[in-house]
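K.L.:
Residue numbers (this note's numbering), protein chains in the order written: chain A, 1 to 295; chain B, 1 to 317; chain C, 1 to 279.
Be a bit skeptical, because a hint or two may be false.
[Claimed, not checked] Below, simulated EDC-like cross-link-like pairs (lysine to aspartate or glutamate); rule was C-alpha separation at most 20 Å, straight line: (1) B:Lys-312 x A:Glu-115; (2) A:Lys-13 x B:Glu-213; (3) C:Lys-49 x C:Asp-34; (4) A:Lys-11 x B:Glu-213; (5) C:Lys-222 x C:Glu-171; (6) B:Lys-23 x C:Asp-110.
Think of the hints as simulated: they come from the structure by calculation, not from any bench. Predicted model only: the values in this text are computed from it and were never measured.
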Amino acid sequence: MIKQVDATQLKSKMNSRVRKNAIWKSIFLLSTLFGLLVLAVLIIRVVMQGASWIDIDFLTGRLSTNADRAGIMGALLGTVWVMLVVIPVTLIIGVATAIYLELYAKRGKIQSFIETNISNLAGVPSIVYGLLGLTIFVRLMDFGNVVLAGGLTLSLLVLPILIVSAQEALRAVPAQLSEASYGMGATKWQTIRRIILPAALPSILTGSILSLSRAIGETAPLTVLGIPALLIPFPGGLFDTFTALPMQIYYWTLDASLVAEYANLAAATIIVLLVLLFVLNSVAIFIRNKFQHRY
Amino acid sequence: MSKNSEAKKEAVNVSEMIAQNKKKKNISNLFEKLIPTILFLLASITILTTLGILYTLLSQAIEFFKRVPIWEFFTGTVLKPLSQNPEFGLLPLINGTIISTIIAMFVAGPIGLMSAIYLSEYASDRVRRILKPLLEILAGIPTIVYGFFAFTFVTPIIRAIWPEVEATNILSPGLVMGVMIIPMIASLSEDAMTSVPNAMREGSLAMGATKLETTLKVVIPAAFSGIIASFVLGISRAIGETMIVTIASGSSKNFTFDITQSMQTMTAYIVEVAGGEAPAGSTIYYSLYAVALTLFVFTLTMNLLARYISRKFREEY
Amino acid sequence: MSTLANNKMKVQVKSKQDEETEAATVESGKIVYDTKDLNLWYSETHALKDINLEINEKEVTAIIGPSGCGKSTYIKTLNRMVELVPGVRTTGTIAYKGKNILDRSFKVEDLRTQVGMVFQKPNPFPKSIYENITYGPKIHGIRNKKILDEIVENSLRGAYIWDEVKDRLNENAYGLSGGQQQRLCIARALAVQPDVILMDEPTSALDPKSTLKIEELVQDLKKEYSLIIVTHNMQQAARISDKTAFFLNGEVVEYDKTNTIFTNPSDSRTEDYISGRFG
Chain A
1 MIKQVDATQL KSKMNSRVRK NAIWKSIFLL STLFGLLVLA VLIIRVVMQG ASWIDIDFLT
61 GRLSTNADRA GIMGALLGTV WVMLVVIPVT LIIGVATAIY LELYAKRGKI QSFIETNISN
121 LAGVPSIVYG LLGLTIFVRL MDFGNVVLAG GLTLSLLVLP ILIVSAQEAL RAVPAQLSEA
181 SYGMGATKWQ TIRRIILPAA LPSILTGSIL SLSRAIGETA PLTVLGIPAL LIPFPGGLFD
241 TFTALPMQIY YWTLDASLVA EYANLAAATI IVLLVLLFVL NSVAIFIRNK FQHRY
Chain B
1 MSKNSEAKKE AVNVSEMIAQ NKKKKNISNL FEKLIPTILF LLASITILTT LGILYTLLSQ
61 AIEFFKRVPI WEFFTGTVLK PLSQNPEFGL LPLINGTIIS TIIAMFVAGP IGLMSAIYLS
121 EYASDRVRRI LKPLLEILAG IPTIVYGFFA FTFVTPIIRA IWPEVEATNI LSPGLVMGVM
181 IIPMIASLSE DAMTSVPNAM REGSLAMGAT KLETTLKVVI PAAFSGIIAS FVLGISRAIG
241 ETMIVTIASG SSKNFTFDIT QSMQTMTAYI VEVAGGEAPA GSTIYYSLYA VALTLFVFTL
301 TMNLLARYIS RKFREEY
Chain C
1 MSTLANNKMK VQVKSKQDEE TEAATVESGK IVYDTKDLNL WYSETHALKD INLEINEKEV
61 TAIIGPSGCG KSTYIKTLNR MVELVPGVRT TGTIAYKGKN ILDRSFKVED LRTQVGMVFQ
121 KPNPFPKSIY ENITYGPKIH GIRNKKILDE IVENSLRGAY IWDEVKDRLN ENAYGLSGGQ
181 QQRLCIARAL AVQPDVILMD EPTSALDPKS TLKIEELVQD LKKEYSLIIV THNMQQAARI
241 SDKTAFFLNG EVVEYDKTNT IFTNPSDSRT EDYISGRFG
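Just chain A, same shape as in the assembly (with noise of 0.2 Å):
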């Protein structure tokens, strides 16, 4: 028999691929932490910058044009209005759509058209769907750079976030429970409203908490819809005119070559921004944990 492998050859290779395996090893883990550290800098960055800017009278202040003197609450406002509408519009459109997915439709062609244009419309830039709100709701329906043109532009934006967690929560809810359903003599709608529903929801709450938080850091809809900069009356309704947190930092940041306390405020800004943001994803995951069912 010939010997085609040489054992003391491969044993001295070998050292060395094993060695290169262990130095790539931690190349890779490099990378996955460079993203985190990023994030880090990022944070630490903002805080330094901001934090010592937030007291009361930064959150319930008006906005005013004296740094020292300026507020956000016209913009937290702003921000909670929108989300009035977001949160309504959304769930609604959002699972009655998963439902008729899901549960009504029938496997085919108008079902898969439905699904696609859904997927499509998730990688359809956010400022194109602030050219749509301008055109439609701004100016077409007269609404006006006002709260419900900014919610249902930002709303329409999430909206398939929300329709494909919501498939996926109807989805996950065990089928032997509909049969059960099923075979009391219940209809499908009653199926769906008492125990599908019920049984999906934690999840699809979940969802809605993620996309409302992705509603609320947009900023490239509203920059198109003409959402003023300095605004001083307070919205009080869905007709009024308003701005929101991200706006704020934008030109906060856009005039911090002006004045130089600018960038603070939007580093403070941004830190309510962010907490705001992690309060509603620590919910999101509550949700999730706590009434995760085990069928």
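Starting from the known structure of chain A, arrange chains B and C on it as the hints suggest.
P.N.:
Chains B and C in isolation, oriented as in the chain A frame:
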């Protein structure tokens, strides 16, 4: 053993009550029949959204092309919308978009892929459970925050090292955009790699191959289409990204390849013109829609391409 | 092929004879389900072939056969649950109390109100024990709290589980053991006072003790209800049923008094199956 029959006798006659209720249930019957229609109408809002986008972009862009010839728009290298004799050449914007995307992918591609390799092939379950949610946080940071970070932190650092870089430049937002896209590429590539069956890895490892060799020669080739699809989606994301470049790259419409300079992307142009309250009906107002239409076609093509790649070349295990 | 046809004829003849003798001795024996020439396809698969079966009221009818023989499909056709599978087609008739349930005009909700079902795996709703029982009555429009309370107690008593759960009616049903969950599911089916209870391998997921309890319960229930039980456990069929149908490859090979099937089967395939030679 007669407790059961007794129970039924004593009981209220449920089946009779049900039979009686059935007779007066006509209203709920009607409701039951309407439900699918109502749901379908709500579901079709997503289709109306697409039609709305197409109608908005096309109808206004056509107005624009009545005033500026299509050919001039797509081949023009000069963009001077506000000058006395305005010129509407798209190439500076396309150039800015492509260059910022290339810079972003230089960061996001390798780092995202290497993160995916670590998470899928090397990390223990415990480590993965910690690292993945942290990476998701990175994806959840609003882009305006990245824009602020690029403009007020990254740019000054770059300028300290490389003084020729301008205060607004395409390099800094490109790099930050890359960081923003890392989690997307990492998680999509990781999905592709974890779906490679273990039997294939074991086959390679059992022959004495190291993990690195197994990853490079078995796992990555098997997951290749998924990895490429994640890159294409990353590119699409970079093309559509708005706030980072708007804030940190300024609004210079120069047609240049010098990354130390300010360049404008398609998205940033839309923000500038829309925010500048261009009078409705003016050519510059319509140019907004022509640029947005181009942007829309770019990203849609990328998304369809990504889906095509991951479907067409899906490995059958 | 000819032996097959012969066998089928024999079966039919036999069951008819049986009916006559039974009618003579027992005063019950009224037919609740009369299946005639039933064929069923899942898309291209021919799952049930020319089924002819007459099922008596207030008896326990067992359906046995190896897995994939169509026994579960058949029982799910009896309350049309089989329609939840897309692409199902049927021909023939199933008369329930004289009316063809496969007819489109037969309202499936009405059928399922009169025909309760217990499934292979206990499937209580993720709700309280009380709400599990009241689910059926509520969807059929019974809202009176006093009546609902009474229904809950009667149903739970009827399913031999009242004493175990009466102090924790508001606790989640998922806290119960597997056997208790299955009896809860039986109680849930009893709550709308059906005429028939279909059981699809009701004890296959349970331990021997819980199984015994449910078998005992079934014996008691047949005083008031007609029961049809699919089981892969032949001892169980022998213990609890009055009549037994043996299914093989989507056909009824033999249908007779349980005693006869297990002691003196007329078809060699039945004998083979019962003596454990296959399946």
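K.L.:
If a hint holds in the structure, say so; if it does not, say that too.
P.N.:
Cross-check of the supplied hints:
1. B:Lys-312 x A:Glu-115: 19 Å, holds
2. A:Lys-13 x B:Glu-213: Holds - the C-alpha atoms of B:Glu-213 and A:Lys-13 are around 13 Å apart, at most 20 Å.
3. C:Lys-49 x C:Asp-34: Cα-Cα ~15 Å, so holds.
4. A:Lys-11 x B:Glu-213: The given pair, whose Cα atoms are some 16 Å apart, holds under the 20 Å limit.
5. C:Lys-222 x C:Glu-171: 30 Å, violated
6. B:Lys-23 x C:Asp-110: Roughly 11 Å separates the two Cα atoms, so the pair holds.
In summary, the structure is inconsistent with hint 5 from the numbered list given earlier, while agreeing with all the others.
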